[in-house]
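The listed protein sequences derive, respectively, from chains A and B.
If you count the first sequence from 1, position 207 lands on 207 in this note's numbering, and the numbers rise without skipping.
If you count the second sequence from 1, position 79 lands on 79 in this note's numbering, and the numbers rise without skipping.
Worth flagging that the hints you see were computed from the coordinates, not collected in a lab.
Backbone N, C-alpha and C fix where the C-beta goes; we use that ideal spot for every residue, glycine too.
Be a bit skeptical, because a hint or two may be false.
[Unchecked claim] Okay, the calculated beta carbon distance ranges per label pair:
no.: 1; chain 1: A; residue 1: Arg104; chain 2: B; residue 2: His133; range: 27 to 37 Å
no.: 2; chain 1: B; residue 1: Ala26; chain 2: A; residue 2: Ile209; range: 54 to 64 Å
no.: 3; chain 1: A; residue 1: Thr184; chain 2: B; residue 2: Arg107; range: 46 to 56 Å
no.: 4; chain 1: B; residue 1: Pro89; chain 2: A; residue 2: Ala114; range: 26 to 36 Å
no.: 5; chain 1: B; residue 1: Lys108; chain 2: A; residue 2: Leu83; range: 53 to 63 Å
no.: 6; chain 1: A; residue 1: Ala107; chain 2: B; residue 2: Glu306; range: 27 to 37 Å
no.: 7; chain 1: B; residue 1: Val106; chain 2: A; residue 2: Asn137; range: 34 to 44 Å
no.: 8; chain 1: B; residue 1: His133; chain 2: A; residue 2: Gly148; range: 50 to 60 Å
no.: 9; chain 1: B; residue 1: Thr184; chain 2: A; residue 2: Pro210; range: 47 to 57 Å
no.: 10; chain 1: A; residue 1: Pro210; chain 2: B; residue 2: Glu176; range: 27 to 37 Å
no.: 11; chain 1: B; residue 1: Glu176; chain 2: A; residue 2: Thr184; range: 24 to 34 Å
no.: 12; chain 1: B; residue 1: Gln302; chain 2: A; residue 2: Pro210; range: 56 to 66 Å
[What the hints assert, rightly or not] Short, incomplete list of chain A residues facing chain B, as computed with Cβ under 10 Å:
no.: 13; residue: Thr112
no.: 14; residue: Leu144
no.: 15; residue: Gly197
no.: 16; residue: Gln202
no.: 17; residue: Glu247
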Amino acid sequence: MHSLFQRFGVGLGSVILICVATWLLGMVLAPNLMMLDFSLRPNLMPAQIGGPDDRYTLVNFTALFSDPVHRGIFLKTIWASALVMATTFVVTYPMAYWLAKVARRKAVAFVTVALIIPFWINEVLRTLAWYILLAFNGPLNVVLTSLGVIDAPVRWFSDIGVLAGMVYAYILFMLFPVYNSISTLDSAQVEAARNLGASTLQIHRRIVIPHAKAGIATGCVFTFMLAAGSYVAPALLGAPGSRWFTEIIYNWFFEGGNWNRGAAYALVLLALCMAFVMAALRIFRVNLADVAK
Amino acid sequence: MSRSVELIDVEMTFGKARAVEKLSVAIEGGEFFSILGPSGCGKTTILRLIAGFMQPTGGRILIGGRDMVGIGADQRPTSMIFQSLALFPLMPVWENIAFGLEVRGVRKADRRKRAEELLELIALPGYGDRMVHELSGGQKQRVAIARALAVEPQVLLLDEPLSALDLKLRQHMRAELRSLQKRTGVTFIYITHDQSEALAMSDRVAVMSAGVLQQVAPPLELYSNPATPFVARFVGETNEFPGRVERVADGMAAIETAHGLFTGRSGANLKVGDQAIVYVRPEAISLAAGADANGLHAVAEQLEFEGATAMLHAKTDGGYRLSAALPHHRLAEAPTAGTNVRLSFAASQALVLAHA
Ligand SMILES: Nc1ncnc2c1ncn2[C@@H]1O[C@H](COP(=O)(O)OP(=O)(O)OP(=O)(O)O)[C@@H](O)[C@H]1O
Ligand SMILES: [Mg+2]
Numbered sequence: 001m002h003s004l005f006q007r008f009g010v011g012l013g014s015v016i017l018i019c020v021a022t023w024l025l026g027m028v029l030a031p032n033l034m035m036l037d038f039s040l041r042p043n044l045m046p047a048q049i050g051g052p053d054d055r056y057t058l059v060n061f062t063a064l065f066s067d068p069v070h071r072g073i074f075l076k077t078i079w080a081s082a083l084v085m086a087t088t089f090v091v092t093y094p095m096a097y098w099l100a101k102v103a104r105r106k107a108v109a110f111v112t113v114a115l116i117i118p119f120w121i122n123e124v125l126r127t128l129a130w131y132i133l134l135a136f137n138g139p140l141n142v143v144l145t146s147l148g149v150i151d152a153p154v155r156w157f158s159d160i161g162v163l164a165g166m167v168y169a170y171i172l173f174m175l176f177p178v179y180n181s182i183s184t185l186d187s188a189q190v191e192a193a194r195n196l197g198a199s200t201l202q203i204h205r206r207i208v209i210p211h212a213k214a215g216i217a218t219g220c221v222f223t224f225m226l227a228a229g230s231y232v233a234p235a236l237l238g239a240p241g242s243r244w245f246t247e248i249i250y251n252w253f254f255e256g257g258n259w260n261r262g263a264a265y266a267l268v269l270l271a272l273c274m275a276f277v278m279a280a281l282r283i284f285r286v287n288l289a290d291v292a293k
Numbered sequence: 001m002s003r004s005v006e007l008i009d010v011e012m013t014f015g016k017a018r019a020v021e022k023l024s025v026a027i028e029g030g031e032f033f034s035i036l037g038p039s040g041c042g043k044t045t046i047l048r049l050i051a052g053f054m055q056p057t058g059g060r061i062l063i064g065g066r067d068m069v070g071i072g073a074d075q076r077p078t079s080m081i082f083q084s085l086a087l088f089p090l091m092p093v094w095e096n097i098a099f100g101l102e103v104r105g106v107r108k109a110d111r112r113k114r115a116e117e118l119l120e121l122i123a124l125p126g127y128g129d130r131m132v133h134e135l136s137g138g139q140k141q142r143v144a145i146a147r148a149l150a151v152e153p154q155v156l157l158l159d160e161p162l163s164a165l166d167l168k169l170r171q172h173m174r175a176e177l178r179s180l181q182k183r184t185g186v187t188f189i190y191i192t193h194d195q196s197e198a199l200a201m202s203d204r205v206a207v208m209s210a211g212v213l214q215q216v217a218p219p220l221e222l223y224s225n226p227a228t229p230f231v232a233r234f235v236g237e238t239n240e241f242p243g244r245v246e247r248v249a250d251g252m253a254a255i256e257t258a259h260g261l262f263t264g265r266s267g268a269n270l271k272v273g274d275q276a277i278v279y280v281r282p283e284a285i286s287l288a289a290g291a292d293a294n295g296l297h298a299v300a301e302q303l304e305f306e307g308a309t310a311m312l313h314a315k316t317d318g319g320y321r322l323s324a325a326l327p328h329h330r331l332a333e334a335p336t337a338g339t340n341v342r343l344s345f346a347a348s349q350a351l352v353l354a355h356a
C-alpha cells in the first residue's frame, strides 16, 4: 500500500484503493453473503417475512441430500464434470504438444485462429450448432447411415451429446494453459530423453507431463468448474429426462419460486468447486499463484 | 582398432541452405576426436546427424560398422551431451543419471546402485538426492556426463559442453574429460570452436569451415602443417606474407613478397608463378639474424606482456603489422617502441600455401 501511494501519489492512490475495495466488497463479497443469508432462511410467504418463523435454519441444505433425485443429480453432475474434464484433457493434450513443440509457425497460427474463431460466437449459439448437428434427422445421422456405420439413426441427445458439446465448448480453456506450459519446456530435454532411449510414452510420462503440470492443473480446474456450472449444453443436448444440477438451481429460482432453496443449492455447487480446486492443487502439488499465471 | 563412426559422403541441406558438404571421415574406436570450426560451420549438425535426430540428405553414417539409416535416436549406441546440458530439473541427480536405465526397465535398486557408482566416477559421491538446481555449473556438467555414460554408449557426442564455464573450471574439466575418456575407453566426438581446447584434449582434430571439412590431423600436425589457408589462420596465430612463387625444389619454395624473397616449406600443388602466402607463427620469428634465415626490417610499435611470452607488434616498411613472440629470457633485449628492429625466421618454420 505504501508503494502504491509512492507510485501514484496519495490522491490517485486512494482512488485506486477505493475502486478495488468497492469492487471486491460490493461486487464479489456482498452478493455471496446475500446468497448465504437467503440459503439459511426458510421459504416464506411475503406476509411471514420478519415474523417468528423467519429464523436461520439448515433445512434448505438437508433437503438436497434427503431428496434422492436431487442428490443423484448432484452426484452425477460431479462425476460427469470430471469425465468432461478428463475427456477434454485427453483430446487436448496431443494437440497442445503438437502446437507447442512440433508444428511450424504458420501451422500454429492457422490452427490457433481456426480454434478461436468459433469462440467469437456466443456459447448458446455454438451449442445450438451441435444441437443441429446431433439432431435425430440431422447431418451426423445422415452421414453415418449413408456410410453404413450405423443401421438406424441414433438419438444423440443424451449423456454423449452433453459430453461432446461440453468438450467442444471448453477445449480452449484446457488447450491454452497446457500449450503455454508445454512451450516453456526446453526441446533439448525431449531430445535428451529420446537419446537416452526413452519411448514416446515414457518421454511424455516422465518429462513433458511433469513439466506441464501447472498448466494441466489450471486447465482441469477451468473445465471442471465450467462443466459443473454449465447450463446450456445439458439443457439443449441432454436427453429430455436427464438433468444437470444447474437446471435444478434454475428451476428453484425461476419456476419453483423458492429462492432460498436455490441459493442453498448454488452454494453447495460453489463449495464443491472450491473443494475441487483445492484437491486439484494438492494432487498436482502446485500453488494458487502458479495457476493464476 | 575398429572403426567406431564412419561418415561416407554425408551431406545435409536445410531447404536451399547447405549446412554440411559431402563429408567423409572415419573415427576410430576409443578415439578422442574433436570437430573444430567457427560458429555456424555445421558442427552441431554433424553431431545431430550421428545421434539420429535428423537424417542426412545424402551419404551414409555407420556406427560400429552398422548402417544407421532408419535407426532412430533412441536406438543408436550413441549418447549426446547437449550444449545446454538438458538435465531434467524435476528429478533428483540420481534419477537423472539413471534415466536411461529406467526407460530400459532396470529395477529401482539396481538403478540406484549404478547411479552411485557413476557418482563415484565423476567424483560426486553422496550427491544423488540433490536436485539439479542445487549443483554448481561444473557439477551439472559432470552429472550430464554420468547420465550419458550410464547407458554404456559406444560413442559419446559432446556439443561444446564446456562453453558455459569460466576459464579455470574449463581447464579443470578438460583434464577430467580427457582422463574419463581414457578410463572408459568410449569414443568421444567433441565439438568446440575453441582451438586450444581441441588441441589440448584430442587424439585427432577435424577443422571445418562453412560446412566443408578442411583437414583431419593430430593436434601437432594440425598446428605445424596446416593443409589450407583457413586452417593456418584458424588454428593458432600466424603472420601472412603474400607473394609469387619463384622456385620450388626439395619440398621448399621461394616466394617473392613485398618484404623480400622468403623461403619456406612448400605445401601441396605449388607451381612457379602461382600466387601464394608464406605463413609464419609468431613464436618462429626472432630478433636475432640467423644464417640461413629469412630476414625483414620493421619498426617496433608495442610490446604486450602475456606472462610466459611477450608479443612484439611491429610494422614493416610495406605497412604490414606482424607479431613476434619473445620468450621470457629474451625480454631484456626487447626493443622500445619506435626503434628499428631486424627480425628473422628459419625457412623450416615457414609454410607456403597456394592462395585460396
Ligand atoms: N533446423 C535448421 N533449419 C535450418 N537451418 C539450420 C538448422 N539447423 C542449422 N541450420 C543452419 O545450418 C548451419 C550450421 O548450423 P550448426 O548448428 O551446425 O552450426 P554450429 O557449427 O554448431 O555453430 P555454433 O558453433 O554456433 O553452435 C547454420 O548456417 C544454421 O543456420
Ligand atoms: Mg552448435
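Going through the hints against the structure:
no., hint, result
1, A:Arg104 to B:His133: 27 to 37 Å, "holds (32 Å)"
2, B:Ala26 to A:Ile209: 54 to 64 Å, "violated (42 Å)"
3, A:Thr184 to B:Arg107: 46 to 56 Å, "violated (33 Å)"
4, B:Pro89 to A:Ala114: 26 to 36 Å, "holds (34 Å)"
5, B:Lys108 to A:Leu83: 53 to 63 Å, "violated (34 Å)"
6, A:Ala107 to B:Glu306: 27 to 37 Å, "violated (54 Å)"
7, B:Val106 to A:Asn137: 34 to 44 Å, "violated (59 Å)"
8, B:His133 to A:Gly148: 50 to 60 Å, "holds (58 Å)"
9, B:Thr184 to A:Pro210: 47 to 57 Å, "violated (31 Å)"
10, A:Pro210 to B:Glu176: 27 to 37 Å, "holds (31 Å)"
11, B:Glu176 to A:Thr184: 24 to 34 Å, "holds (32 Å)"
12, B:Gln302 to A:Pro210: 56 to 66 Å, "holds (58 Å)"
13, Thr112, "violated (24 Å)"
14, Leu144, "violated (38 Å)"
15, Gly197, "holds (5 Å)"
16, Gln202, "holds (5 Å)"
17, Glu247, "violated (43 Å)"
Violated hints for the displayed structure, listed by number in ascending order: 2, 3, 5, 6, 7, 9, 13, 14 and 17.
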